[in-house]
Amino acid sequence: MSNSQLRPMHIWLRPIAVWVALVLLGLASLISAYLPLNAFNTPLNLAIAGIMVILLWLFLMDLIGSDALIRLIAVAGLVWLSFMFALTFSDYFSRACEDQPGRPPAFCVDQNIGRGGF
Amino acid sequence: MTDAAIADAAVDREPASYLGAGHTLLSWLTTTDHKRIAILYAVSITLFFFIGGIAIGLVRLELMTPHGLFLTSDAYNRLFSLHGIIMVWFFLVPSIPATMGNFLLPLMIGAHDVAFPRLNLFSWYLYVFGAAFTVYALISGGVDTGWTFYTPLSTNYATGYVVAAAAGVFVVGFSSIATGVNFIATAHMLRAPGLTWFRLPLFVWAMYTVSMVMVLATPVLAMSLLLVIAERAFGLPIFDAARGGDPVLFQHLFWFYSHPAVYIMILPAMGVVSEVIPCFARRTIFGYAFMVYALIAIAVVGFMVWGHHMFVAGQSPLANLVFSFLSFIVAVPSAIKVFNWTATLHRAEITFEAPMLYALGFVGLFTIGGLTGLFLASVPIDIHATDTYFVIAHFHFVMVGGTVSAYMAGLHFWWPKVTGRMYSEAWARFAAITTFLGFNATFLPQFVMGWNGMPRRYHYYPDVFQAWHVMSSVGALILAVAYVLPLIYFGWSLIYGRRAGANPWNATGLEWQTSSPPPKENFHRIPRVDVEPYAYDAFVHLPMADNRTPPSLPSPASGGG
Amino acid sequence: MSDAASALREPWPDLDRQRDGVSVGIWLFIASEVLFFGALFLGYAVYRALYPEAFRIAGAETEVFYGSVNLLLLLTSSVTMTIAVDASRHGMRRTVIACLALTILLGAAFLMFKGLEYSADIAKGLLPGAHFPLQPPQTQLFWGLYWVMTGVHAIHLAIGIAIVGAFAVMLWRRLLPIESPAMLGVATYWHFVDTVWIILFPLLYLVDRS
Chain A
1 MSNSQLRPMH IWLRPIAVWV ALVLLGLASL ISAYLPLNAF NTPLNLAIAG
51 IMVILLWLFL MDLIGSDALI RLIAVAGLVW LSFMFALTFS DYFSRACEDQ
101 PGRPPAFCVD QNIGRGGF
Chain B
1 MTDAAIADAA VDREPASYLG AGHTLLSWLT TTDHKRIAIL YAVSITLFFF
51 IGGIAIGLVR LELMTPHGLF LTSDAYNRLF SLHGIIMVWF FLVPSIPATM
101 GNFLLPLMIG AHDVAFPRLN LFSWYLYVFG AAFTVYALIS GGVDTGWTFY
151 TPLSTNYATG YVVAAAAGVF VVGFSSIATG VNFIATAHML RAPGLTWFRL
201 PLFVWAMYTV SMVMVLATPV LAMSLLLVIA ERAFGLPIFD AARGGDPVLF
251 QHLFWFYSHP AVYIMILPAM GVVSEVIPCF ARRTIFGYAF MVYALIAIAV
301 VGFMVWGHHM FVAGQSPLAN LVFSFLSFIV AVPSAIKVFN WTATLHRAEI
351 TFEAPMLYAL GFVGLFTIGG LTGLFLASVP IDIHATDTYF VIAHFHFVMV
401 GGTVSAYMAG LHFWWPKVTG RMYSEAWARF AAITTFLGFN ATFLPQFVMG
451 WNGMPRRYHY YPDVFQAWHV MSSVGALILA VAYVLPLIYF GWSLIYGRRA
501 GANPWNATGL EWQTSSPPPK ENFHRIPRVD VEPYAYDAFV HLPMADNRTP
551 PSLPSPASGG G
Chain C
1 MSDAASALRE PWPDLDRQRD GVSVGIWLFI ASEVLFFGAL FLGYAVYRAL
51 YPEAFRIAGA ETEVFYGSVN LLLLLTSSVT MTIAVDASRH GMRRTVIACL
101 ALTILLGAAF LMFKGLEYSA DIAKGLLPGA HFPLQPPQTQ LFWGLYWVMT
151 GVHAIHLAIG IAIVGAFAVM LWRRLLPIES PAMLGVATYW HFVDTVWIIL
201 FPLLYLVDRS
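Residue numbers (the numbering used here), protein chains in the order written: chain A, 1 to 118; chain B, 1 to 561; chain C, 1 to 210.
Just chain A, with the same shape it has in the complex (with noise of 0.2 Å):
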């Protein structure tokens, strides 16, 4: 049943380019952390992780290769995730700061108006 006509080198050349970029992707979130970046420290890693997750997706679990059902399986996980964020933090981003504790400190503008809720 295998094809004898199949060059070998194949499945070790992509796998292993791959590798090498997940591997600088890696090194290069790690290292920028311990830049002094301030509010850019947090963003740049979640998104040198969401490119290396993209890589592994499309071309170690092979999306790339594969048709549109697979495709639309693999990214409903994250739409439906999308859909949980959304809305559970249209909760927590219109809290009151004083009324209603819960509110993140940064959408606290003003302590002494104690009515920043919707």
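Please keep in mind that the hints were generated in silico from the structure rather than gathered at the bench. Since no wrong hints were added, every one of them can be taken at face value.
Computed footprint of chain C on chain A, listed as stretches where at least three residues anywhere in the stretch have a Cβ under 8 Å from a Cβ of chain C:
| no. | segment |
| --- | --- |
| 1 | 21-32 |
| 2 | 40-54 |
| 3 | 81-91 |
Examples of chain A residues lying across from chain C (beta carbon under 7 Å, computed):
| no. | residue |
| --- | --- |
| 4 | I11 |
| 5 | P15 |
| 6 | L35 |
| 7 | P36 |
| 8 | L60 |
| 9 | M61 |
| 10 | I70 |
| 11 | I73 |
| 12 | A74 |
| 13 | A76 |
| 14 | G77 |
| 15 | P104 |
So, partial list: chain C residues that the calculated Cβ filter (under 8 Å) puts toward chain A:
| no. | residue |
| --- | --- |
| 16 | A87 |
| 17 | H90 |
| 18 | H191 |
Every residue gets a Cβ at the ideal spot worked out from N, C-alpha and C, and that includes glycine.
Guided by the hints, dock chains B and C onto chain A, whose structure is given.
Same frame as chain A, but now just chains B and C:
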């Protein structure tokens, strides 16, 4: 030889039905046949239905007097908690999907089995394993947190077997997920030739959409319960307010599942009703495409409304507004379905066999339940009605008046297919009518007393509500009788019931094209499908229930109907 | 080949369809796992938004060295797993089994380093409770989430190792053919466990290192 013996001998000469393929207990416990697994589930969930029913029977008895009768308040709390936990997770969520879905999905799409038969058996064992945990919790004394496990009661203050109960539900959740994965893969990959998506029966669409919800919602429940266990058993603070935790976060995670869970309960019921009504009205379903879109819309939008359970919990007013608005939106596809079922009945040739009685009951009771849900979706009204019997009445109208009615409809409709026997139509009709009357007697008074202020989960209550409680409890007794009756006449039918032909209802659908009961491999030859579903218009002059397999359906091109 | 044909199961009409079916099934399971871990990430996101300072203080105590080494181990194991899958499609038996064995070894090494990391954490007293060394109290939320997130991930990894191990043994003893459709299921699950660690890494180990 008597006629019966000749008939029996004839059946014995027929190709072996799935019931005859293996007679030992082991053959049942190691089966990978989806039909046998469906029966394993059916027996299990029936057992739990009655355990949950006995629990609430004791509660309703207790509530006949305002100051308690024979239960301590602690025992009372544990009884209603167990009722909720068992009914939601060990009866309602698996009910139609795990029994009828398992049995019928491969038959309806012309397949030999589901996509992953061994996973199917494993899902039943997960269910049994989770159930064992919960029974352990029950006989050890139970939990008093309510089925909702709210923190910090569940994590900090509750005495009782919270960890065991939560673990049991955690495990049974994965049974749900496994079933969902199986059904979606089956629907995508194993349809018979010619069976395009828009030729599928609505029951198949219902199984598909409910599976989407099961796969995507249940894991969040699992995690929320895992976090409760982590906090209670291992002292890891997640929801502990003293250390900055937010109990409302638990509610967000819990209801993210538990609201879609109610759609897990209603979507299959809608699927069953969409099969029964066309058959007994001898009409194709009105608006097939919109019935499909409505199922999908309910499944998707149903994920965006969970905050309506939390209007008074400490959510922000903005979130309240958003969730309220989305809750109004999600009512629209449900309403479309009710309009379409009604339109199907318009000027149709309706007969009132037991399945149809239950299905018609579903339409009416689901409408009332759904409308009262809209009341509760409105924030100011909810502030008045929340945590009262109004809410209890609302969800029992949809879950019991709705889902359980549809479950009964499906049970009666497909009983001949599953067992090869006809049940007693007279007794079944009597039970259906008694159910309807008992149900309304139980739950209509609860709307009234809830609106007038009777809180839910209360053991003692003001005297002024006693009359309503007594009415409700008497209704519950009638309902209990109505639920026990099927056990008797179905059991009787297994031994003495008239043998059913392949298609006793002259219904459309591939499941009726094979024998009753079906052979182990479902079809000797996978059929090819060229017709639209519910081609009843072609049947309009064929009498009901003449118990012969009808001639093959005319294709649309021949101008039939 | 009777070897490959023995992999065909009811009710699949042919092996290709079965392979596609396994693909659909495992990705659906992955979707459910995305939501399972996603709930944890939501909890983390909510509390980090509410208590950024406490999370900075708490996050400084995680063991970056172990976290980074573990990231490297899992990334490599994903690659060896991918090579195993590609090799199985070409019937390269020894390559498949060798790569699976390597994957297991890398996974086991991860667990070993995790164990060392946990001992270090416990030695620093970072178990939420009465004797927690950090202030303010919200730092215990970070560490509560840390134990749950890494613990659930480690359990998933352990299960993955067991499954890959069992699968490798069955291939080795020719109880399953090399072209078995189950290979894709096993590999996809493994890659998902890696995915979770890629996301956990910055959330747990790169909090305020500068």
